[in-house]
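Starting from the structure of chain A, add chain B where the hints point.
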Amino acid sequence: MNKKPRVLVIIPAYNEEKTISEVIRGVQHHAPSSNVLVINDGSTDDTARVAKETGAKVISHPFNLGYGATLQTGYKYASHHSYDYVVQVDADGQHEPRYINDLLDVLKSNLADMVIGSRFLENHGYKPSWIRKVGMSILRIIIILVTKRSITDCSSGFRALTQQLVNFFADIDYPSDYDDADIILLTHLAGFRIKEVAVTMCESTTGKSMHRYNKLIYYGFKTLLSLMVTLLRKKPQR
Amino acid sequence: MLLRQKIFVVFVTIGLVALIFDLVRRKKLREDYSWLWMLTGAVIFILAIWHNLLLFITRLIGAALPTSTLFFFGVFFLILINLYFSVKLSTVTNRLNKVTQELALLRDRIESHSPNK
Numbered sequence: 001m002n003k004k005p006r007v008l009v010i011i012p013a014y015n016e017e018k019t020i021s022e023v024i025r026g027v028q029h030h031a032p033s034s035n036v037l038v039i040n041d042g043s044t045d046d047t048a049r050v051a052k053e054t055g056a057k058v059i060s061h062p063f064n065l066g067y068g069a070t071l072q073t074g075y076k077y078a079s080h081h082s083y084d085y086v087v088q089v090d091a092d093g094q095h096e097p098r099y100i101n102d103l104l105d106v107l108k109s110n111l112a113d114m115v116i117g118s119r120f121l122e123n124h125g126y127k128p129s130w131i132r133k134v135g136m137s138i139l140r141i142i143i144i145l146v147t148k149r150s151i152t153d154c155s156s157g158f159r160a161l162t163q164q165l166v167n168f169f170a171d172i173d174y175p176s177d178y179d180d181a182d183i184i185l186l187t188h189l190a191g192f193r194i195k196e197v198a199v200t201m202c203e204s205t206t207g208k209s210m211h212r213y214n215k216l217i218y219y220g221f222k223t224l225l226s227l228m229v230t231l232l233r234k235k236p237q238r
Numbered sequence: 001m002l003l004r005q006k007i008f009v010v011f012v013t014i015g016l017v018a019l020i021f022d023l024v025r026r027k028k029l030r031e032d033y034s035w036l037w038m039l040t041g042a043v044i045f046i047l048a049i050w051h052n053l054l055l056f057i058t059r060l061i062g063a064a065l066p067t068s069t070l071f072f073f074g075v076f077f078l079i080l081i082n083l084y085f086s087v088k089l090s091t092v093t094n095r096l097n098k099v100t101q102e103l104a105l106l107r108d109r110i111e112s113h114s115p116n117k
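Taken in order, these protein sequences are the chains called A and B.
Counting along the first sequence from 1, when you hit position 212 you're at 212 in my numbering, and nothing is skipped either side.
Counting along the second sequence from 1, when you hit position 81 you're at 81 in my numbering, and nothing is skipped either side.
These aren't lab readings, by the way, just hints derived from the structure by calculation.
Yeah, the Cβ is synthetic: ideal placement off N, Cα and C, and Gly gets one too.
It is possible that part of the hints are untrue.
[Stated by the list, open to error] For each label pair, taking beta carbons as the anchor points, the in silico distance ranges come out as:
#: 1; chain 1: B; residue 1: Leu39; chain 2: A; residue 2: Lys108; range: 34 to 40 angstroms
#: 2; chain 1: B; residue 1: Trp35; chain 2: A; residue 2: Arg149; range: 47 to 53 angstroms
#: 3; chain 1: B; residue 1: Phe76; chain 2: A; residue 2: Ser137; range: 39 to 45 angstroms
#: 4; chain 1: B; residue 1: Leu39; chain 2: A; residue 2: Asp102; range: 35 to 41 angstroms
#: 5; chain 1: B; residue 1: Leu39; chain 2: A; residue 2: Leu121; range: 52 to 58 angstroms
#: 6; chain 1: B; residue 1: Glu102; chain 2: A; residue 2: Ser137; range: 55 to 61 angstroms
#: 7; chain 1: A; residue 1: Met228; chain 2: B; residue 2: Leu55; range: 41 to 47 angstroms
#: 8; chain 1: B; residue 1: Ala64; chain 2: A; residue 2: Ser137; range: 48 to 54 angstroms
#: 9; chain 1: A; residue 1: Thr44; chain 2: B; residue 2: Ile110; range: 20 to 26 angstroms
#: 10; chain 1: B; residue 1: Val75; chain 2: A; residue 2: Thr200; range: 52 to 58 angstroms
#: 11; chain 1: B; residue 1: Ser34; chain 2: A; residue 2: Leu189; range: 37 to 43 angstroms
[As the list claims (entries may be wrong)] Which residues of chain A face chain B? A few of them, derived with a C-beta cut under 8 angstroms, are:
#: 12; residue: Ser60
#: 13; residue: His61
#: 14; residue: Pro62
#: 15; residue: Leu65
#: 16; residue: Ala69
#: 17; residue: Gln72
#: 18; residue: Lys76
#: 19; residue: Tyr77
#: 20; residue: Ser79
#: 21; residue: Ser176
[Said to hold, decoys possible] Pairs of lysine-lysine, BS3-like flavour, derived with a Cα cap of 27 angstroms:
#: 22; chain 1: B; residue 1: Lys28; chain 2: B; residue 2: Lys98
#: 23; chain 1: B; residue 1: Lys98; chain 2: A; residue 2: Lys52
#: 24; chain 1: A; residue 1: Lys108; chain 2: A; residue 2: Lys3
#: 25; chain 1: A; residue 1: Lys57; chain 2: A; residue 2: Lys127
#: 26; chain 1: A; residue 1: Lys195; chain 2: A; residue 2: Lys235
#: 27; chain 1: A; residue 1: Lys222; chain 2: A; residue 2: Lys234
#: 28; chain 1: A; residue 1: Lys215; chain 2: A; residue 2: Lys18
#: 29; chain 1: A; residue 1: Lys57; chain 2: A; residue 2: Lys133
#: 30; chain 1: A; residue 1: Lys148; chain 2: A; residue 2: Lys234
#: 31; chain 1: A; residue 1: Lys133; chain 2: A; residue 2: Lys4
#: 32; chain 1: A; residue 1: Lys57; chain 2: B; residue 2: Lys98
#: 33; chain 1: B; residue 1: Lys88; chain 2: B; residue 2: Lys27
#: 34; chain 1: A; residue 1: Lys57; chain 2: A; residue 2: Lys18
#: 35; chain 1: B; residue 1: Lys88; chain 2: A; residue 2: Lys222
#: 36; chain 1: A; residue 1: Lys108; chain 2: A; residue 2: Lys195
#: 37; chain 1: A; residue 1: Lys148; chain 2: A; residue 2: Lys52
#: 38; chain 1: A; residue 1: Lys127; chain 2: A; residue 2: Lys18
#: 39; chain 1: B; residue 1: Lys27; chain 2: A; residue 2: Lys222
#: 40; chain 1: A; residue 1: Lys52; chain 2: A; residue 2: Lys133
This is chain A alone, in the form it adopts within the complex (with noise of 0.2 angstroms):
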């Protein structure tokens, strides 16, 4: 008899008490069977007491670190407790829960080691502002030009990923800020398999999305500097 999988679904999260009991409440419906883990990034609100009464599971880092390495706490955790596969939400209202389900789908038909939900697949009238564009064709252009392939969402930070990627993150040295195309492109010289899966977002009902307009600038930077020096670094092992 086949064991069921276990799947984490882990929720970054930084000063987000307003929305994140929905979001749990959402991946609790969606997903019953999960495991919920909310990485409270050193938040001076109470979102670790609100998460933990909505009930989920809580880490707290004693400080902010970053969604990347708070992101990479949680992969610590489930590598460390071997899930099978982990799904990363964020804790904004951003990332509808609905859609977990099929992004899992993908992973466990062994078609893909990372399942990107992307806004960008099918037409859901998601539209960016015209710099945000201009970046994220720049950033899909390289990854197309490296990897053969088109990812049409890089900046998406809803994704799933088996516990073979998951193990690999949680042993590399993780961008502690941003995570977004030179986590695809490490990925992909690595070996594995991405795939995209449509998905709708909502806006960030708290207005503090990662990528706030005033820090578009440095993230582009930051981002095309990760892109280089990812390509220029050895390939990465497995």
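Chain B in isolation, oriented as in the chain A frame:
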């Protein structure tokens, strides 16, 4: 280079090197962080007292005045020191991230096994 300028530079560099020695002696500054400061002081000191070398380097790099060469090396070493500290700071930040992650995971493990939970 005027004798007065020479004496001034020699005093400043000797003061700098003495300060670094004292900081290392009092364990306020680690040895591995002090070597680039020492090197800066030593280079400026040598250039200040060895006038012919200073003139040679001034001609070599095309500077107008020997004092410009001294300033150039001063600024150049400051840039090197900044870069060196940026590298050290990056290493420390990476280590701090790892330690913090491990701390959070260990605390969770301890709390999971705590009977008072």
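For each hint, the structure was consulted:
{"no.": "1", "hint": "B/Leu39 with A/Lys108: 34 to 40 angstroms", "in the structure": "59 angstroms, violated"}
{"no.": "2", "hint": "B/Trp35 with A/Arg149: 47 to 53 angstroms", "in the structure": "49 angstroms, holds"}
{"no.": "3", "hint": "B/Phe76 with A/Ser137: 39 to 45 angstroms", "in the structure": "40 angstroms, holds"}
{"no.": "4", "hint": "B/Leu39 with A/Asp102: 35 to 41 angstroms", "in the structure": "60 angstroms, violated"}
{"no.": "5", "hint": "B/Leu39 with A/Leu121: 52 to 58 angstroms", "in the structure": "56 angstroms, holds"}
{"no.": "6", "hint": "B/Glu102 with A/Ser137: 55 to 61 angstroms", "in the structure": "39 angstroms, violated"}
{"no.": "7", "hint": "A/Met228 with B/Leu55: 41 to 47 angstroms", "in the structure": "43 angstroms, holds"}
{"no.": "8", "hint": "B/Ala64 with A/Ser137: 48 to 54 angstroms", "in the structure": "49 angstroms, holds"}
{"no.": "9", "hint": "A/Thr44 with B/Ile110: 20 to 26 angstroms", "in the structure": "24 angstroms, holds"}
{"no.": "10", "hint": "B/Val75 with A/Thr200: 52 to 58 angstroms", "in the structure": "55 angstroms, holds"}
{"no.": "11", "hint": "B/Ser34 with A/Leu189: 37 to 43 angstroms", "in the structure": "40 angstroms, holds"}
{"no.": "12", "hint": "Ser60", "in the structure": "6 angstroms, holds"}
{"no.": "13", "hint": "His61", "in the structure": "5 angstroms, holds"}
{"no.": "14", "hint": "Pro62", "in the structure": "6 angstroms, holds"}
{"no.": "15", "hint": "Leu65", "in the structure": "6 angstroms, holds"}
{"no.": "16", "hint": "Ala69", "in the structure": "5 angstroms, holds"}
{"no.": "17", "hint": "Gln72", "in the structure": "6 angstroms, holds"}
{"no.": "18", "hint": "Lys76", "in the structure": "6 angstroms, holds"}
{"no.": "19", "hint": "Tyr77", "in the structure": "6 angstroms, holds"}
{"no.": "20", "hint": "Ser79", "in the structure": "10 angstroms, violated"}
{"no.": "21", "hint": "Ser176", "in the structure": "5 angstroms, holds"}
{"no.": "22", "hint": "B/Lys28 with B/Lys98", "in the structure": "26 angstroms, holds"}
{"no.": "23", "hint": "B/Lys98 with A/Lys52", "in the structure": "24 angstroms, holds"}
{"no.": "24", "hint": "A/Lys108 with A/Lys3", "in the structure": "12 angstroms, holds"}
{"no.": "25", "hint": "A/Lys57 with A/Lys127", "in the structure": "35 angstroms, violated"}
{"no.": "26", "hint": "A/Lys195 with A/Lys235", "in the structure": "21 angstroms, holds"}
{"no.": "27", "hint": "A/Lys222 with A/Lys234", "in the structure": "20 angstroms, holds"}
{"no.": "28", "hint": "A/Lys215 with A/Lys18", "in the structure": "23 angstroms, holds"}
{"no.": "29", "hint": "A/Lys57 with A/Lys133", "in the structure": "36 angstroms, violated"}
{"no.": "30", "hint": "A/Lys148 with A/Lys234", "in the structure": "19 angstroms, holds"}
{"no.": "31", "hint": "A/Lys133 with A/Lys4", "in the structure": "41 angstroms, violated"}
{"no.": "32", "hint": "A/Lys57 with B/Lys98", "in the structure": "21 angstroms, holds"}
{"no.": "33", "hint": "B/Lys88 with B/Lys27", "in the structure": "18 angstroms, holds"}
{"no.": "34", "hint": "A/Lys57 with A/Lys18", "in the structure": "18 angstroms, holds"}
{"no.": "35", "hint": "B/Lys88 with A/Lys222", "in the structure": "19 angstroms, holds"}
{"no.": "36", "hint": "A/Lys108 with A/Lys195", "in the structure": "13 angstroms, holds"}
{"no.": "37", "hint": "A/Lys148 with A/Lys52", "in the structure": "44 angstroms, violated"}
{"no.": "38", "hint": "A/Lys127 with A/Lys18", "in the structure": "25 angstroms, holds"}
{"no.": "39", "hint": "B/Lys27 with A/Lys222", "in the structure": "37 angstroms, violated"}
{"no.": "40", "hint": "A/Lys52 with A/Lys133", "in the structure": "37 angstroms, violated"}
The structure shown violates the earlier hints numbered 1, 4, 6, 20, 25, 29, 31, 37, 39, 40.
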